[in-house]
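Just so you know, the sequences run in chain order A and B.
Everything in the first sequence is counted per the numbering used here, starting at 1 for the first residue and increasing by one.
Everything in the second sequence is counted per the numbering used here, starting at 1 for the first residue and increasing by one.
Hints are supplied without guarantee of correctness; some may be wrong.
[What the hints assert, rightly or not] Residues on chain A that point at chain B, a partial pick, calculated with CB under 7 Å: (1) Ala3; (2) Met138; (3) Gly139; (4) Phe151; (5) Thr152; (6) Phe153; (7) Gly165; (8) Ala166; (9) Thr167; (10) Leu247; (11) Val341; (12) Arg343; (13) Ala415.
[Stated by the list, open to error] Simulated DEER-style distance windows between Cβ atoms: (14) B:Pro9 to A:Glu68: 23 to 29 Å; (15) B:Gly23 to A:Val401: 30 to 36 Å; (16) A:Asp83 to B:Thr193: 21 to 27 Å.
If you are wondering where the hints come from, they were derived from the structure by calculation, not from laboratory data.
Everything numeric in this text was worked out from a predicted model, so none of it was measured.
A virtual CB, placed ideally from N, CA and C, is assigned to each residue, including glycine.
Below, each chain spelled out in residue letters.
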Amino acid sequence: MTALPPPDSVYFDEEWETMPRARLEEEQLALLLDLLPYVYERSPLVRATWDAARVKPGDVRSLDDFREKVPFIDKDAVRRFRDERGDPYGGLLCVEPSELTAIMSTSGTTGDPTLVAERWGGGPPSRPTIVTRDFWGMGLRAGDRVALVLFTFRGPMYGLIQGLGATPVLVDYDPAEIGRLLELSVRYRPTIMYNFGNTLMSATPAAAERAGIDPKDAFSSYLGVVWAGEPLGPRARALAAEWGLPLFEHTSVGDVTASFECTAHDGLHFWEDTAFVEGIEPEATSHADAVVAPDGARCELVATALTNRVAPLIRYRSDDVVRLTREPCACGRTHARMWTVGRKSDEIVVDGRAVMPIDVWGAIETVDACALGLFQIIRPGREVDRLHLRVGYAAADAARVDAVHDEVVASVHAAIGIEPHVELVPDEQLLRLGPPHKIPRVTKR
Amino acid sequence: MTATTPAPPAPLWGVGRYDGPDGPVTWEISHDEVHRDLGAAPATLARLGVTAGGRVLHCSLLSEAGQFFPLVIGTMFAGAQVSQADATRADATRVAMFLRLLEYDAVLGVNGAILDGLDELGVAYADAFASARVVCARPDAIARLSRAGVAACPFVLCGPAVAVASAPDAAAFVHDTEEWELGVDGAGRVTVTNLRPRATEFRAAPTAVRGSVVDGGIVLDLEGSP
Chain A
1 MTALPPPDSV YFDEEWETMP RARLEEEQLA LLLDLLPYVY ERSPLVRATW DAARVKPGDV
61 RSLDDFREKV PFIDKDAVRR FRDERGDPYG GLLCVEPSEL TAIMSTSGTT GDPTLVAERW
121 GGGPPSRPTI VTRDFWGMGL RAGDRVALVL FTFRGPMYGL IQGLGATPVL VDYDPAEIGR
181 LLELSVRYRP TIMYNFGNTL MSATPAAAER AGIDPKDAFS SYLGVVWAGE PLGPRARALA
241 AEWGLPLFEH TSVGDVTASF ECTAHDGLHF WEDTAFVEGI EPEATSHADA VVAPDGARCE
301 LVATALTNRV APLIRYRSDD VVRLTREPCA CGRTHARMWT VGRKSDEIVV DGRAVMPIDV
361 WGAIETVDAC ALGLFQIIRP GREVDRLHLR VGYAAADAAR VDAVHDEVVA SVHAAIGIEP
421 HVELVPDEQL LRLGPPHKIP RVTKR
Chain B
1 MTATTPAPPA PLWGVGRYDG PDGPVTWEIS HDEVHRDLGA APATLARLGV TAGGRVLHCS
61 LLSEAGQFFP LVIGTMFAGA QVSQADATRA DATRVAMFLR LLEYDAVLGV NGAILDGLDE
121 LGVAYADAFA SARVVCARPD AIARLSRAGV AACPFVLCGP AVAVASAPDA AAFVHDTEEW
181 ELGVDGAGRV TVTNLRPRAT EFRAAPTAVR GSVVDGGIVL DLEGSP
């Protein structure tokens, strides 16, 4: 069972969460210097990548050395190693396969999921970090209930909730579960919901009407409602405001860790005693020409796992465009914060104009038949002559697809000044492309 | 440094869901009953031949964690490795990926939604499950798998209880017959009664499972199955 601070403590672990940056970086360097020789000796992908770059662990004596000399890896490199060498772990495994207790996987949003090797238990007790610190900061306390609205592929993460002395109320991430979520929210009055994104929010009004439950009342006990997966559209934000939801954004950090908003709502914290995170200019072709982005500027996120001894990612280019700052937060925590912008590979240039999914999102979901905001940009290449959108519509509007088509075209044109080619498909068809909390927003065909 | 105290255990382990005859039913789960199920589930896995060094893919929904958690942790207790995928159409991609890259002693909880997803992917069931020594499927998937040449052991979420057969065409048994008593109601639905204290009491509670109970095991009625 996790040791808890006093209930009135703002922080779960004040010493580590508010640690001065200089000491935090000393801790990071110590972890890195211990980790790098270990990984180089054991990870075939890291060794091959470092050998090609003519760098050895002994060349790294400072964080600056690490930034300057260590080559990147990315998801394509992992998949390539997996497929070319017949290594299911993509060359990342640093322990004998027989030492693993679990083999999970990434979400698979951008292609085939990749394996995530794990070793549960058995080691010395580690400092609670992700989720534990974040949910405590939102107000979760022993004896509370947490509505977990999730999937299973991350493993039994409800153990983190139970470790805090709280009870998980288990709900599937499925619009068909919203009626049950509303009933359970009334019955158990949970304090945290994790997680509640666009698709579920948009499905709530109809489910609430069917169940005869007022969402504002059902959701009144929540101190934190975590959303993740993809940006919240304007329709979902309006619903959340109407219901008084205390929203907290959450996102992954380069498949290395995850980040959550704190009560200051000024960026998403990731715990730097578990990950070393850098921001580089997205145009970099390798570590040799990579330029560190200024604090607060748009950059590509690069992450290194500091405490993973099973299959750590080292200088992993995430393809995620973010903004990063290491300025202390108003909440008192000193760990860095990030803001998500989008995926680098999602950008499409239409007749010379750059378009990201977020640019058309609001325009699509303001069309009533497309309220779930399900759409894909068809991106056969980075530059195209015409914007091609595949857009989902509600089954109830099947008889008026021609009118819906015209509404979507007009709405997108009004928003970005580009008249798109729109292909309408039933919502169900896009929802099947999951994982359920997000769908691929860009596809080749 | 902040003073700390151990977290007191919550009154409940969790709140889960099972399929009743009229739709989803919510059930509360205590720590004690989960601990008892953790003690009993490894025997079910052993009957399926799961041993140290093996690997088990669990196909479930989060709301079914009360039923699956003892099997997931039981897999670790057996010294085998755990993989997890959602029992949904969309997650058929993940199921196919795991089975393509790794060999499994057992795949538990395959259902019709996963088979629908494999159909969409154009993956033949026999190919998808070729790397699994034992496939344990829910009632809505057994006949479809059989027609494709995959002989699956019945895996039955009988309300809050889990019953698994150790061979195709065999009856499915709960982990511990001193924990649950099975019966059949007048409508041909399997019922459950808890024999030891549980946070939620079940007294001949009807489930969505149709079948008969023979010598304490469930024999599924698959007539009309897809």
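A:Phe151 was flagged as interface toward chain B. Is the shortest Cβ-Cβ separation under 7 Å? holds (5 Å)
So the hint says 23 to 29 Å: do the beta-carbon atoms of B:Pro9 and A:Glu68 match that? Taking Cβ atoms as reference, B:Pro9 and A:Glu68 lie about 49 Å apart, which means the hint is violated.
Hold the hint about A:Phe153 up to the distance rule: shortest CB distance to chain B must be less than 7 Å. Because about 6 Å separates A:Phe153 from the closest Cβ in chain B, which is inside the 7 Å limit, the hint holds.
Quick check on the hint: A:Val341 CB to chain B CB, less than 7 Å? violated (26 Å)
Can A:Arg343 be said to touch chain B, with a Cβ gap under 7 Å? violated (19 Å)
Please check whether A:Asp83 and B:Thr193 have a Cβ separation lying inside 21 to 27 Å. violated (52 Å)
Could you check if A:Ala415 really has its C-beta closer than 7 Å to a C-beta on chain B? For A:Ala415, the interface hint is violated, since the closest Cβ of chain B sits about 29 Å away, which is over 7 Å.
Have a go at the A:Gly165 hint: is there a Cβ in chain B nearer than 7 Å to its own Cβ? holds (4 Å)
Answer holds if the nearest beta-carbon of chain B is closer than 7 Å to that of A:Leu247; otherwise answer violated. violated (21 Å)
Consistency of beta-carbon spacing, A:Val401 to B:Gly23, with hint 30 to 36 Å: Roughly 31 Å apart at Cβ, these two residues keep to the hinted range, so it holds.
May I ask you to test the interface hint for A:Ala3 with respect to chain B, counting a Cβ-Cβ separation under 7 Å as satisfied? Nearest chain B Cβ about 4 Å off; hint holds.
Do the numbers back the hint for A:Gly139, that is, is its least Cβ distance to chain B under 7 Å? Cβ of A:Gly139 sits 15 Å from chain B, so the hint is violated.
In summary, the numbered hints that this structure violates are 2, 3, 10, 11, 12, 13, 14 and 16.
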